[in-house]
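*Asks:* Both chains come to you apart, so use the hints to assemble them.
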Amino acid sequence: MDMNIPYTVEERPDTGLANGKLGIWLFLASEVMLFGALFSTYIILRVGATEWPHGELNIPLGAINTVILICSSVTMVMAWASLKMHQWGRHRMFLLITVVLAIVFLVNKYFEYAAHFATGEGPWHSTFLAVYFTMTGLHGLHIIGGVIVMLYFLGPGAKLYQKNPDQFTNRIEYTGLYWHFVDLVWIFLFPVLYLL
Amino acid sequence: MSGHDAEHVQKALKTYLMIGVSLLIFTGITVGANQFHFVVPVAITVALIIATIKGSMVASVFMHLNQEKRWIYGALVLTVFFFIVLMTLPLFFTLDNIGTAVKAIPAAAEHTGGH
Chain A
-5 MDMNIPYTVE ERPDTGLANG KLGIWLFLAS EVMLFGALFS TYIILRVGAT
45 EWPHGELNIP LGAINTVILI CSSVTMVMAW ASLKMHQWGR HRMFLLITVV
95 LAIVFLVNKY FEYAAHFATG EGPWHSTFLA VYFTMTGLHG LHIIGGVIVM
145 LYFLGPGAKL YQKNPDQFTN RIEYTGLYWH FVDLVWIFLF PVLYLL
Chain B
75 MSGHDAEHVQ KALKTYLMIG VSLLIFTGIT VGANQFHFVV PVAITVALII
125 ATIKGSMVAS VFMHLNQEKR WIYGALVLTV FFFIVLMTLP LFFTLDNIGT
175 AVKAIPAAAE HTGGH
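Order-wise, the sequence lines are chains A and B. Residue numbers -5 to 190, in the working numbering, belong to the letters of the first sequence in order. Residue numbers 75 to 189, in the working numbering, belong to the letters of the second sequence in order.
FYI, nobody ran anything at the bench for these hints, they're computed from the structure. A hint or two may mislead.
Capping the alpha-carbon separation at 27 Å, the derived lysine-lysine pairs in DSS-like fashion look like this [said to hold, decoys possible]:
hint, chain 1, residue 1, chain 2, residue 2
1, A, Lys78, B, Lys88
2, A, Lys78, B, Lys143
3, B, Lys85, A, Lys78
If you only want the chain B side, here are some residues facing chain A, beta carbon under 8 Å, derived [said to hold, decoys possible]:
hint, residue
4, Gln84
5, Pro115
6, Val132
As the structure is a prediction and not an experimental result, all values here were calculated from the model. C-beta atoms are modelled at their ideal positions from N, C-alpha and C, and glycine is treated no differently.
Bound conformation, chain B alone (with noise of 0.2 Å):
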């Protein structure tokens, strides 16, 4: 955070409390919305948002990404792009068969016997 002077942190002060219970309530919510035992897409999309939506509340104001000056953001671009990348590269994984041998092997055993 840069330029905080004293008057505008104290302020925040409110701001900083109200995210804390915030994200109580958000946790409360995730363990409660997994006693509704979802289909795993599903439980897995919920889960993601929740966690998401508390990240974001916790970069923003916590870490004062909301008022940050444009080089952080540059370095945040460049971090948030090569990580979409990483998150990515399991799905060429699974694509290629690689992530799932493990099923594909009687599949592909009873395939070579037939011929």
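Isolated chain A (complex conformation) (with noise of 0.2 Å):
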């Protein structure tokens, strides 16, 4: 009996995807309801609020997070393509780059939560920083889901490119889609939690 899970480098005949494709997107769809449901919330808060805080968060830190985002999106994207290239070289450097400007994204969140959090001023404080702190804590939940994933594709995930490069170029694409995604998030969170 053949136990290899089928459709994981062809496509199907049906969809004309490989698996892999259709449940990642399927996964993302769910990840747009799931952030969809906090801007949501934030919209009915904010329209409730009588008034709303302005300057309470670092603009200038929150901009070089979406610029850090920004190029770990572009590094990604070369890590895919050096693969369909066959450049194992330039796909590891581009993967680890990618990981390094993830970590620099977390470690200035921990500055700008860290600076908070001195000043007595958590989730608790106010409804703008419940908001601010769920949305922006789950979103660095993922960058940290997506930086758990990438160190795999490093290590240990990195032998899977000598038995089947094509299979691990396709997991490559997949974890692609999830940063990239993680990315499209930020580039509307922050506008809406720090310039607005």
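*Replies:* In structure tokens, the structure reads:
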């Protein structure tokens, strides 16, 4: 009996897609609804509030983090493109840079959070900060998840490239789709929380 | 992305870099526009338009949505539909005054007191 999982590389005749591709997009669809629920909650709370604070967040640090995530999206797509061009060394370099950028993002976030907690401004302090910590906290967890997956592909998961390079390339593509989605969420979080 | 060969990807590299630079420029515009202190509805509109442009660039180029299969588009059409429903929900709450209870309390109390 063939125990291999089917359609990891070749496309299914009915969908025209490898199973993993459709799977990651369905997962991202559920993620859209998860973050959509939080954005919807934000709108309700903001419309219902008599006043909404401005200037409580560190805009330069938020902008720097936006730049970092955009750069990490570029390096992620380059990591995938390098695999497609059979450039293993360049793939590893770009994936490593993506991980480093993600960690720098998290370090910046740590400093932002620490500054708030140092002045007693935790999520309990105001509705705005509750929204801020919930949304950026969930986003931060997604960053950590992405880092774990990328580290796996830099470490033990890299062995798959020797056995089945096409399957490995597909896995990096799916990781990239997830990572670009995390970047996309931040593109909306930054103006909504920091600027408006 | 489906059916990309090495040659096609090689040509796309320049596009990826250009989109990356464009995203950085739009980020600068977003922060710059914030310095003008527009009235809130204008500020929200400007910020969300720029964010939507940036999001579209990421989704279409980096996530290759500009050349995907119809099953992916089908799943995303459903997602967009339910996302719009989700974003419309606050409107119903507002119309119901559920979301504006804090503002409504003094007026309601005054109204009740008068009768």
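*Asks:* All hints, please: hold or fail.
*Replies:* Cross-check of the supplied hints:
| no. | hint | verdict |
| --- | --- | --- |
| 1 | A/Lys78 <-> B/Lys88 | holds (15 Å) |
| 2 | A/Lys78 <-> B/Lys143 | holds (19 Å) |
| 3 | B/Lys85 <-> A/Lys78 | holds (12 Å) |
| 4 | Gln84 | holds (6 Å) |
| 5 | Pro115 | violated (10 Å) |
| 6 | Val132 | holds (5 Å) |
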